[in-house]
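One-letter residues, chain by chain:
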Amino acid sequence: KAGVTQTPRYLIKTRGQQVTLSCSPISGHRSVSWYQQTPGQGLQFLFEYFSETQRNKGNFPGRFSGRQFSNSRSEMNVSTLELGDSALYLCASSRGLAGTHTGELFFGEGSRLTVL
Amino acid sequence: AQSVTQLDSQVPVFEEAPVELRCNYSSSVSVYLFWYVQYPNQGLQLLLKYLSGSTLVKGINGFEAEFNKSQTSFHLRKPSVHISDTAEYFCAVSDRGTSGTYKYIFGTGTRLKVLA
Numbered sequence: 018k019a020g021v022t023q024t025p026r027y028l029i030k031t032r033g034q035q036v037t038l039s040c041s042p043i044s045g046h047r048s049v050s051w052y053q054q055t056p057g058q059g060l061q062f063l064f065e066y067f068s069e070t071q072r073n074k075g076n077f078p079g080r081f082s083g084r085q086f087s088n089s090r091s092e093m094n095v096s097t098l099e100l101g102d103s104a105l106y107l108c109a110s111s112r113g114l115a116g117t118h119t120g121e122l123f124f125g126e127g128s129r130l131t132v133l
Numbered sequence: 004a005q006s007v008t009q010l011d012s013q014v015p016v017f018e019e020a021p022v023e024l025r026c027n028y029s030s031s032v033s034v035y036l037f038w039y040v041q042y043p044n045q046g047l048q049l050l051l052k053y054l055s056g057s058t059l060v061k062g063i064n065g066f067e068a069e070f071n072k073s074q075t076s077f078h079l080r081k082p083s084v085h086i087s088d089t090a091e092y093f094c095a096v097s098d099r100g101t102s103g104t105y106k107y108i109f110g111t112g113t114r115l116k117v118l119a
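In order, the protein sequences belong to chains H and A.
Letter by letter, the first sequence follows residues 18 to 133 in this note's numbering.
Letter by letter, the second sequence follows residues 4 to 119 in this note's numbering.
These are calculated hints, taken from the structure and not from any lab test.
Example chain H residues on the side facing chain A (calculated, C-beta under 7 Å, incomplete):
(1) G59
(2) L60
(3) N73
(4) L107
(5) L114
(6) A115
(7) G116
(8) T117
(9) H118
(10) F124
(11) G125
(12) E126
(13) G127
30 Å max Cα-Cα, derived DSBU-like pairs, lysine-lysine:
(14) H/K74 <-> A/K52
(15) A/K106 <-> H/K74
(16) H/K74 <-> A/K72
The beta carbon of each residue, even a glycine, is placed where N, CA and C say it ideally should be.
Can you make the complete structure from the sequences, with help from the hints?
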């Protein structure tokens with residue numbers, strides 16, 4: 018069965034622009050979580066969507082937003098990009114809510130964003 | 004709040020030698036515990052998990068971990084490592100916080116470098 022698919026894999030933007038990243042979860046998974054990974058900060062939780070509703074949110078500014086569609090695919094958007102937003106953005110899907118006994122995370126390969 | 008500590012940021016070890024990667028978490032009534040591996044330019048892949056039952060958990064690629072409730076630890080071990088085990092390893096804990104919301108909390112990672 019197909020894994021978690023993230024697009025695009027690599028992208029370069031300039032400060033002030035916005036970016037949209039896409040994540041297609043494993044078939045049958047209803048939860049999608051997003052993480053930001055940087056060398057200095059490790060894995061930082063952005064948000065989790067389950068059945069099109071945001072269920073959990075990390076400590077990121079409002080420039081970071083997301084949504085989930087009825088087919089469980091999810092997008093995250095970062096507006097007014099800053100240099101510090103350069104990172105690997107990882108999406109993970111799970112059958113149930115992340116962290117529950119059915120909430121084991123399956124990760125995509127990530128979208129590497131470089132902000133110049 | 005729940006926290007996960009991976010004390011070793013880097014662990015060098017010679018090929019065919021045993022290795023232990025340490026993980027400690029702050030105490031909680033009940034937790035689920037996970038180890039993930041991340042190869043360069045890839046997402047995270049689940050190595051093994053502890054949900055309940057036997058405290059010795061076997062995972063993929065010959066790895067195993069032992070849940071020690073009294074020491075709040077979940078150390079990862081492999082009796083004989085290969086060059087291909089060179090990667091970053093993340094310990095994660097799922098905890099149901101006081102709000103009733105489950106959260107996945109990741110450690111900062113341990114870089115395992117296997118030397119020829």
